[in-house]
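Based on the hints, put chain B in the right spot on chain A.
Taken in order, these protein sequences are the chains called A and B.
Read in order, the letters of the first sequence correspond to residues 1 to 147 in my numbering.
Read in order, the letters of the second sequence correspond to residues 1001 to 1421 in my numbering.
Do not rely on the hints blindly, as some may be mistaken.
Derived coverage of chain B by chain A (criterion: at least 3 residues anywhere in the stretch with Cβ under 8 angstroms from a Cβ of chain A; other residues may be distant) [unchecked claim]:
id, region
1, 1211-1224
2, 1262-1271
Below, simulated DSS-like cross-link-like pairs (lysine-lysine); rule was C-alpha separation at most 27 angstroms, straight line [claimed, not checked]:
id, chain 1, residue 1, chain 2, residue 2
3, B, Lys1379, A, Lys19
4, B, Lys1052, B, Lys1073
5, A, Lys125, B, Lys1097
6, A, Lys41, B, Lys1160
7, A, Lys123, B, Lys1097
8, A, Lys50, A, Lys92
9, B, Lys1353, B, Lys1339
10, A, Lys143, B, Lys1179
11, B, Lys1090, B, Lys1206
12, B, Lys1090, A, Lys41
13, A, Lys50, B, Lys1379
14, B, Lys1247, A, Lys143
15, A, Lys125, A, Lys93
16, B, Lys1090, A, Lys121
17, B, Lys1090, A, Lys123
Since the hints were made in silico from the structure, they are not lab data.
Just so you know, these numbers come straight off a predicted model, no measurement behind them.
All C-beta atoms, glycine included, are put in the ideal place defined by N, C-alpha and C.
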Amino acid sequence: MKKIILILIVFILSGCSNKSEPINYGYDSCDKCRMQIVDRKYGTELVTSKGKIYKFDSIECLVFFTENSIDDENFFTLVTDYLNNNELINNKKAFYLQSENLRSPMGLNITAFSSQSDLKKFKEKYAGKELSWKEIIEYVNRKWQNK
Amino acid sequence: MLIGNGKINNIYFWVITYLVISIISNNFIAKEIHVGNEYFYKNLTSAIKASKPHDKIILHKGKYLEHDIIIDKQIELTSVENAVIDGQNKYHIILVKADSVKISGITFINAGISFIDDNAAVKLDSVKGCIVSNNVFDNNFFAIYLARTSDSIIKDNKIKAYTEKESYSGNGIHLWYCKNITVENNFISGQRDGIYFEFVRDSNIKKNISENNLRYGLHFMFSDNCNYSNNKFVKNGAGVAVMYTKKVKMFKNEFMNNWGPASYGILLKDISDSEIDSNLFYKNSSGIYIEGSNRININNNNFMENGWAIRLMANSMDNNFKRNNFIGNSFDVSTNSTKNFNFFENNFWSDYKGYDIDKNGIGDIPYRPVKLFSLIVEKNRPTLILLRSFFTEILDVAEKIFPVLTPETLIDSSPSMNKIL
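This is chain A alone, in the form it adopts within the complex:
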């Protein structure tokens, strides 16, 4: 009986927790720009404290949306690792490169990597500038202030 209750509690709790879900490329559309999300290297996601999921086709759309359209304080956001397109990683664990030679769907060209060494390799090959999450927010706000 205890086991059943335990299982039930786990089940209920897991039902309530905020989980991300994979992006269905080619079918989901971006909640900021309305475009279909098709580029597997750049899909991003936002999960609110109530578990509502927003999906985006790029880091810039995600950032703009969180800065302008969300009242929630306990949301978390996920970005795609450029080198592992099936994996969404927490935006705080990623490293970011802004390079004109790695072109993101919305033109601000911000790419996420899961490790510093991957980023270094790409920076050597494709040039560009390393950005912190805070710098990305400033950059997107500056570029899209009229949008």
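Same frame as chain A, but now just chain B:
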């Protein structure tokens, strides 16, 4: 002493003449270089290496397994009997790095998929004055790709691809940071976007047919001052998208059968100061979806048998709708707010049930194109199941008598009694 010697003078004369002629013939008289099994040059790469500016390279019949070909001088490349260049699903095929290059009459197949580099059959990078015409592109990742290119023409090409997953396919005609380009009379199908414009200025897209593409028939991003006219966009995954752009003119295009949950004839997102004139919207899920867009004139269009003719989001302002025909659409106009800052004037509405006593061709009572039910659907999509039910008819009749929830100012106060021709 030498000058006095007639023989030596003679030799001088011939040497100089020979030099002059050889310089002229090398540099100014175009040569034809033939490439093929029966010719000295067996492959294109060696022929290009041996060519001089202004030469014409003619590919003869056959399949050329070549890739990463670089054209770095002004030449003309053409073929007789349909020569085929095959990228073997791995490589990009031709990169043009010189001005005024012409490429015509060639079949390009199998430019390979790549996730980091945009592999294309024909790529033009940082050049001007080029013409790509009358080629066939079959099963390429990207077909024609222009980067930082200006004053060029893409004409009469046939582009086909067969990919089923959007993320594994590239675009048919892709322009990035370009200026003054004409894209005319091309046929494009089966790519991700048929035609894609990103950071393009002052360009024209006309008379193209773009159909069965997985995402958009035509896609504009950040591309100001461009025109597109007389094109057909049929059965694309999600119609045509015009986004983050100013001053676009859209004339005489046909948008047909763009059908699906996120499908539009035109998706307008954050655009301003544009014209949509004399187009046909037939059987699209939504004729035009307008979000965050201002000062657009939408005149003289035909909206026929669409799910929604117009979906007008409340963050759009100062858009004018004049002299359009709205015929047989499930919803003529829908919106997501009771506020409206847009204007409707003198349109023909097939659902208009008013009268015209003074016979001036203009209905005597105003027409309210937004049905209460469409407002409900806009906020809660699953209610769509009630369309055509008696319940929604009661709702709409009640709302007509006491408009409470639909935008009071979204009204055509001078609806036309007759179809506008």
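Hint-by-hint comparison with the structure:
Requiring three or more residues with a Cβ within less than 8 angstroms of a Cβ of chain A, the coverage given for the region 1211-1224 of chain B holds, as 4 such residues are present. Chain A is given as covering the region 1262-1271 of chain B, and this holds because 4 residues of the stretch bring a CB closer than 8 angstroms to a CB of that chain, at least three being needed. Simply put, B:Lys1379 and A:Lys19 have alpha-carbon atoms about 25 angstroms apart, close enough for the 27 angstroms limit, and the pair holds. Our distance criterion of 27 angstroms between C-alpha atoms is met by B:Lys1052 and B:Lys1073, whose separation comes to about 7 angstroms.
For a cut-off of 27 angstroms, the pair hint linking A:Lys125 to B:Lys1097 stands: about 21 angstroms separates their Cα positions. For the given pair, A:Lys41 sits about 25 angstroms from B:Lys1160 by alpha-carbon distance, which is consistent with the 27 angstroms threshold. Proximity of A:Lys123 to B:Lys1097 is assessed by CA-CA distance (about 25 angstroms); at most 27 angstroms being required, the pair is judged to hold. Taking the CA atoms of A:Lys50 and A:Lys92, the gap is about 20 angstroms. The hint holds against a cut of 27 angstroms.
Taking the CA atoms of B:Lys1353 and B:Lys1339, the gap is about 24 angstroms. The hint holds against a cut of 27 angstroms. Taking the CA atoms of A:Lys143 and B:Lys1179, the gap is near 22 angstroms; set against the 27 angstroms cutoff, the hint holds. As the CA atoms of B:Lys1090 and B:Lys1206 are separated by approximately 32 angstroms, the hinted pair breaks the 27 angstroms bound. This hinted pair checks out: B:Lys1090 and A:Lys41 have alpha carbons roughly 20 angstroms apart, not beyond 27 angstroms.
A distance of roughly 20 angstroms separates the Cα atoms of A:Lys50 and B:Lys1379; the hinted pair therefore holds under the 27 angstroms criterion. Among the hinted pairs, B:Lys1247 with A:Lys143 is consistent with the structure: their alpha-carbon atoms are about 20 angstroms apart, no more than 27 angstroms. Straight-line distance between C-alpha atoms of A:Lys125 and A:Lys93 comes to about 22 angstroms, which keeps the hinted pair within the 27 angstroms bound. Straight-line distance between C-alpha atoms of B:Lys1090 and A:Lys121 comes to about 23 angstroms, which keeps the hinted pair within the 27 angstroms bound.
As the CA atoms of B:Lys1090 and A:Lys123 are separated by approximately 25 angstroms, the hinted pair is consistent with the 27 angstroms bound.
This entry does not satisfy hint 11, going by the numbered hints stated previously; all others are met.
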